[in-house]
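Student: Top to bottom, those sequences are chains A and B. The opening position of the first sequence corresponds to residue 1 in full-length UniProt numbering, with each subsequent residue numbered one higher. The opening position of the second sequence corresponds to residue 1 in full-length UniProt numbering, with each subsequent residue numbered one higher.
Don't take each hint at face value.
Each pair may be met inside one copy or between any two copies, as identical chains are not told apart.
As the list claims (entries may be wrong) - In silico DSS-like links for lysine-lysine, alpha-carbon gap of 30 Å or less:
(1) K390 / K95
(2) K119 / K153
(3) K332 / K30
(4) K30 / K305
Please keep in mind that the hints were generated in silico from the structure rather than gathered at the bench.
There are 2 protein chains.
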Amino acid sequence: MDSKLVNRLKEIVGEERVSLNETVLMNHSKDESYHEPAYPDAVIFPHTTDEVSAILAYANEHHIPVVPFGRGTSLEGHVIPYDGGICLDFNEMNKILEIRAEDLIVKVQPGVTRTQLNKELRKYGLFFSVDPGADATLGGMAATNASGTTAVKYGVMRDQVRDMEVVLADGSVIHTGTLAAKSSSGLHLNGIFVGSEGTLGCMTELTLRVYGIPEHEVAGRAVFTSTHDAVLAVTSLIQASIPIGRVELVDPDSMRQFNRHSGTAFEEMPTLFLEFHGNQAGLMQDIQFATEILNDLGCLSLEFKEDLASRNQIWEARHNLAYAYIHSAPGKKLMVTDVCVPISELAVSVDYTREMLNEMGLMGGIVGHVGDGNFHALLMIDVNNQSEVKTAKEFSDRIVRFSLSRGGTSTGEHGIGTGKRQYLVEEHGPALEVMRAIKKTLDPNNILNPNKLL
Amino acid sequence: MDSKLVNRLKEIVGEERVSLNETVLMNHSKDESYHEPAYPDAVIFPHTTDEVSAILAYANEHHIPVVPFGRGTSLEGHVIPYDGGICLDFNEMNKILEIRAEDLIVKVQPGVTRTQLNKELRKYGLFFSVDPGADATLGGMAATNASGTTAVKYGVMRDQVRDMEVVLADGSVIHTGTLAAKSSSGLHLNGIFVGSEGTLGCMTELTLRVYGIPEHEVAGRAVFTSTHDAVLAVTSLIQASIPIGRVELVDPDSMRQFNRHSGTAFEEMPTLFLEFHGNQAGLMQDIQFATEILNDLGCLSLEFKEDLASRNQIWEARHNLAYAYIHSAPGKKLMVTDVCVPISELAVSVDYTREMLNEMGLMGGIVGHVGDGNFHALLMIDVNNQSEVKTAKEFSDRIVRFSLSRGGTSTGEHGIGTGKRQYLVEEHGPALEVMRAIKKTLDPNNILNPNKLL
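Whenever a hint applies, use it, and build me the whole structure from the sequences.
Tutor: Structural data, given as structure tokens:
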């Protein structure tokens, strides 16, 4: 960008909020993935919708790429500005604008993080359900349709978004939804903007659904001889209408890695981590029923805990699994696969993934949001070792193709970014042309996060 | 349409499945609303996706309007072919293609009705949750994003659709989703096609989420002195995380009307009809907690029942309310408003609606899906009396404008069709242009249900 363009941007938001500083550019050149970094030409920190609108109108006129940026916690290179241009950093638009406790909705700016929101909501006995692990911004989570461990009960990010204020490529400002809990009026723009990874517009406000904090929680851990049995047990729990708050599968190699890391002596077997939310009497009956089902389906050992400290202890291995891998391989970077399959295909998919890890000589663990059929292989790779990166990519490719062959998706919750684009044709077929036509209609100059997603 | 066009259509699907018969045309000239009928030029009964594709490709080439048709139970004139052309009746594409009990999904053709599906699912201990009242086709329900009494617990139609096979205007066939429980791959086409009222494509297959039949159900009825108190009580129940299966509000005039119709002696007061789904111990605790909340908030009388016969009895007035009105006004037609507001605005909206009914001298009742903020005024009108129709439309207009002024929507579950189009600008502002741009991109010749929705 030449200095004339930069000067005009400084006029829009004020000089101090347009940065060309090398360190600032570097911090906005990457996400948490293994994908190669690239610098933006400038980083802008907007404070208002009007500023975002003016920036986009100007960028659109001059065909300057714009990449919205939150906490940079994406895992497929979503926010890396490969075409340069403007990085629009939303971290200074971080106000909780309104909490409507009676309506169970909140209105926030896109730079609010989920822990920031939950801290405030606790005062009202409320919570925001989506928990992707990282303390991402809510704008970023909407952009990738994030989910995580609680999706099995409360749904994914898309299910929580009631309305968004979005600035389009030409600077015009729209609202995608309504404050009402449901609507059959017009095309459902919420659906198409959530998960659009910054390619259709920049969110400047989000109205999100929140929930009452459950009266009671119980955590559990169940050990099985085989992954098949563990997965089948979860399927049976769900079919029996037992409402599960979270259910995570950790594979034997990962349990072994955790024991090595932390000096514990957990069974190195396929393990389910469970959580139930509800009232106490109901949970006791759920757990009794769940115990019968789990035991019938070959559970070797099973325990449930109610108080907070014991609940945390029971989930310890799951909570700290990624650290156990990261600390075991200093200097290496975490690479995470993210397929999601119909639950009937989960056991075979997890088995295949373990087989490929072994066959390809890769060190890694498997953890699954098993109630949804979504699972991750966690790999430690040396990003400077080309052959290691190549093998990891080849591994990821096999996992994705297996998932697609079983009616699954290439990404359950991380998104496409730059890392999964090669699967779009296989996954969506002619529907991809419809997606591209919508993108072209809404962003004819292709300034919004170009060459991502579609 | 000239006979050449008709002959070509007969070649595509066979002569016996293209009808120009007067009675058949008449049966496809209307829905269940008060909107004026209009005849299509021909009614076609396709059997396969290939046939639908060939018909649309041909219609697109010759700019012939195409209106998809299910059971004709829409309430805003959605299926009335005001521009003539082809009515595509999907009732012969009515096969349940696959029940994947383990995955809690089913694949159906669009002409399958919800009771047909539920009858089959019962064999597996499963059920499909959306219940709009009418025995609509699942294709029709997806087209309008239908919901009804169970949405407060299980969500609306859009929440149940995992994938659809859709034939686009040019005859190409796409899939809008995936069989996996969640995905962050590509733009979310499910969201935009559900609720598109036949204006973006014709659904030829739907993959839908289903649920395990709850172990236990309890029905309840609670009487209040004021609508405000009743609505506040529901808000408190929801905020207390008490999982409600259904909760319906019926206003005093409607209770009076029901007593008159059926010789019963129910209290003629604002009444809540409740249903809870879960395990027995949990429900007992929920009901104990709910009882405390309801009593604290001014409930005058309260009862709960568990066995099926008593449950049906307790809901009698709610179930038969529409009949009580219809039978009281022979020769008249039912007109139903359908706004949905943030729940904090519900009490004042219901009060305003009753005030308008009284002020305008209209006979009618109010029933609300109160957990969602969605409520209907049921009016009996003589469609041949122009002044009565005019007053009813004026009434509906006031209710919609009040809803919009309170952050609500013009339609919670019935859709826009032809009857609510005048509110789109006010409700969606510049977002309407985005919707129109998407429509134009996907249906450039405007053959798909023209002049509806957008």
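Student: Does each hint hold? Answer for all of them.
Tutor: For each hint, the structure was consulted:
no.	hint	in the structure
1	K390 / K95	neither (42 Å within a copy, 47 Å between copies)
2	K119 / K153	both (21 Å within a copy, 26 Å between copies)
3	K332 / K30	within (16 Å within a copy, 66 Å between copies)
4	K30 / K305	neither (41 Å within a copy, 59 Å between copies)
Violation of the numbered hints given earlier is confined to hints 1 and 4; the remaining hints are satisfied by the structure.
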